[in-house]
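Enquirer: So the sequence lines, in the order shown, correspond to chains H and S. Note that the numbering used here has the first sequence beginning at 8, numbered continuously upward. Note that the numbering used here has the second sequence beginning at 0, numbered continuously upward.
Rather than coming from a laboratory, the hints here were simulated on the basis of the structure. None of these values were measured; they are calculated from a predicted model. Some hints here could point you the wrong way.
A few chain H residues that face chain S, going by a derived Cβ cut-off under 7 angstroms, partial list only [said to hold, decoys possible]:
1) 90
2) 92
3) 94
4) 97
5) 136
6) 137
7) 139
8) 146
9) 149
10) 188
11) 197
12) 198
Virtual Cβ for every residue (Gly too), placed ideally from N, Cα, C.
The lines below spell out each chain.
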Amino acid sequence: MLRYLISIFLLTIATASFAQKVKVQLDTTSRRFIPTGIRVGADLIGFGKTFSKDDYKQYEFQADIDFYRYFLNIEYGQMERTLENSTSLYNVEGSYFKIGPDINFLHRDPDQSALFFGLRYATTSFSDNLNFSYTNAAFGDGTSEISNHNLKADWFEMVTGMKVKMWKFIWMGYTARFKFGVDTFERNELIPHEIPGYGRADKKVSWGFNYYLIFRLPLRKGPQTIELPSPDEVNNN
Amino acid sequence: MPQLLQLVFIQFYFKPDLTAKWHVVWLLKVYDHFTFTSCCNTYICALFMKIVIPILILSAAIILTGCLDDPDCNSQTTNFVNIKFYNSDNNEADTLNINGVIASGTDSVFFEEAEVSSIRLPLRPDTVQTTFVFDSELGIDTLILKYSVNTRLVSEDCGIEMVFSELEYVRSDFGSIEVVNKILVEQVTEDVKIFN
Numbered sequence: 008m009l010r011y012l013i014s015i016f017l018l019t020i021a022t023a024s025f026a027q028k029v030k031v032q033l034d035t036t037s038r039r040f041i042p043t044g045i046r047v048g049a050d051l052i053g054f055g056k057t058f059s060k061d062d063y064k065q066y067e068f069q070a071d072i073d074f075y076r077y078f079l080n081i082e083y084g085q086m087e088r089t090l091e092n093s094t095s096l097y098n099v100e101g102s103y104f105k106i107g108p109d110i111n112f113l114h115r116d117p118d119q120s121a122l123f124f125g126l127r128y129a130t131t132s133f134s135d136n137l138n139f140s141y142t143n144a145a146f147g148d149g150t151s152e153i154s155n156h157n158l159k160a161d162w163f164e165m166v167t168g169m170k171v172k173m174w175k176f177i178w179m180g181y182t183a184r185f186k187f188g189v190d191t192f193e194r195n196e197l198i199p200h201e202i203p204g205y206g207r208a209d210k211k212v213s214w215g216f217n218y219y220l221i222f223r224l225p226l227r228k229g230p231q232t233i234e235l236p237s238p239d240e241v242n243n244n
Numbered sequence: 000m001p002q003l004l005q006l007v008f009i010q011f012y013f014k015p016d017l018t019a020k021w022h023v024v025w026l027l028k029v030y031d032h033f034t035f036t037s038c039c040n041t042y043i044c045a046l047f048m049k050i051v052i053p054i055l056i057l058s059a060a061i062i063l064t065g066c067l068d069d070p071d072c073n074s075q076t077t078n079f080v081n082i083k084f085y086n087s088d089n090n091e092a093d094t095l096n097i098n099g100v101i102a103s104g105t106d107s108v109f110f111e112e113a114e115v116s117s118i119r120l121p122l123r124p125d126t127v128q129t130t131f132v133f134d135s136e137l138g139i140d141t142l143i144l145k146y147s148v149n150t151r152l153v154s155e156d157c158g159i160e161m162v163f164s165e166l167e168y169v170r171s172d173f174g175s176i177e178v179v180n181k182i183l184v185e186q187v188t189e190d191v192k193i194f195n
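Chain H with its partners taken away, still in its complex shape (with noise of 0.2 angstroms):
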């Protein structure tokens, strides 16, 4: 399946024909670091997984105030997930919040679309408990129910994605994360199986992947846009 979708990407790239104007923002130097909007964001893949999944709640949201190239960006979030099999019960519940700045390498688009990279420190509050019976040939088997409450995490992400513009103040945009330097609580007597926002608790790295539906709130002009001719025009004359 990946094969062929790859395939149809390929294909696709080869027969593009990009015979557009390009339009170009003009690089000004006044006024440059007052901020032009703020984009809010909400997770669309946190709400198909609640909607997809029983014993699955997970709200995201995000913010962005953009400077010039930089922006800076908030993230909060919200989880409760309930594992069950045959012999344990476990829950988990927490919110958690994100912190950086992005740097944005398409900043001259006319549309001001962002293709960014940037830095996170993420931090959790969170409990969880775990109900469960065992079995011990010897001593016999028995039940038991341990817990962990109001524990804190943080860790460290790298972000990459991109944020379009769709439809006058309706954006999409996804981000790819990488993160890092969590604390798996290994001592616990109850080892958490998922931290909030960061994933399974017994990886020491782990991958996110979120795909935002967002609104911009415009708070000044941005900067002027000229058109380029296209190469086809310039030859021409």
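Starting from the known structure of chain H, arrange chain S on it as the hints suggest.
Expert: Chain S in isolation, oriented as in the chain H frame:
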């Protein structure tokens, strides 16, 4: 898939400009192509593609994140502690004539009469301390082992895993004792050395 993504990140780290260009060529222009050029000519069609492509990406992402969640079930942890006997004079492996070993809190006898060089005993999962009473050629000896039990849920399919760690002794009536391995796993065949 993660390895592929890692390559992207390494490239980003060393050559951000080049990667940005690469990113743009492979994603933005493909996106533009789908939405504006040869495949669609009408405004309605372009708008439709703008909706379809995000939905495709979204569903692919949900499927992928689901697949990457698969854990492996082979748990290596155990609640059995391996004890080996040594001669305290020359530090060489030794054997011991054992009449029986019992643990407090249970009636089961772990070993019947035997001459052994090593012994494998289970630790109690419901407490953090297990008391063993050895009835051997040396007389009645008590050994109290202390440890911590860490429990984790591996996954819904695999169930839970108990990790016995920070093994140490509280009391030993033997000549001398040394804990050589603090975390109990299947592969390790020697956790405690007893010198007589």
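Enquirer: Confirm or reject each hint.
Expert: Hint check results:
Of the supplied interface hints, the one on residue 90 of chain H holds, with its beta-carbon coming within about 5 angstroms of a beta-carbon of chain S, less than 7 angstroms. Using the Cβ-Cβ criterion of 7 angstroms, the hint placing residue 92 of chain H at the interface with chain S is satisfied: the shortest such distance is roughly 5 angstroms. This hint holds: residue 94 of chain H has a C-beta 6 angstroms from the nearest C-beta of chain S, less than the 7 angstroms allowed. Nearest Cβ of chain S to the Cβ of residue 97 of chain H: about 4 angstroms, under the 7 angstroms cut. The hint holds.
The interface hint given for residue 136 of chain H is broken, as the beta carbon of that residue sits about 11 angstroms from the closest beta carbon of chain S, more than 7 angstroms. This hint holds: residue 137 of chain H has a C-beta 6 angstroms from the nearest C-beta of chain S, less than the 7 angstroms allowed. Because the closest C-beta pair between residue 139 of chain H and chain S is about 5 angstroms apart, less than 7 angstroms, the hint holds. Taking 7 angstroms as the C-beta cut-off, the interface hint given for residue 146 of chain H holds, the closest approach to chain S being about 5 angstroms.
The closest approach between the C-beta of residue 149 of chain H and any C-beta of chain S is roughly 5 angstroms, which is under the 7 angstroms cut-off, so the hint is satisfied. For the restraint placing residue 188 of chain H at the interface with chain S, the shortest Cβ-Cβ distance is roughly 15 angstroms, beyond the 7 angstroms limit, so the hint is violated. Of the supplied interface hints, the one on residue 197 of chain H holds, with its beta-carbon coming within about 6 angstroms of a beta-carbon of chain S, less than 7 angstroms. Taken as an interface hint, residue 198 of chain H checks out: its beta carbon lies about 4 angstroms from the nearest beta carbon of chain S, inside 7 angstroms.
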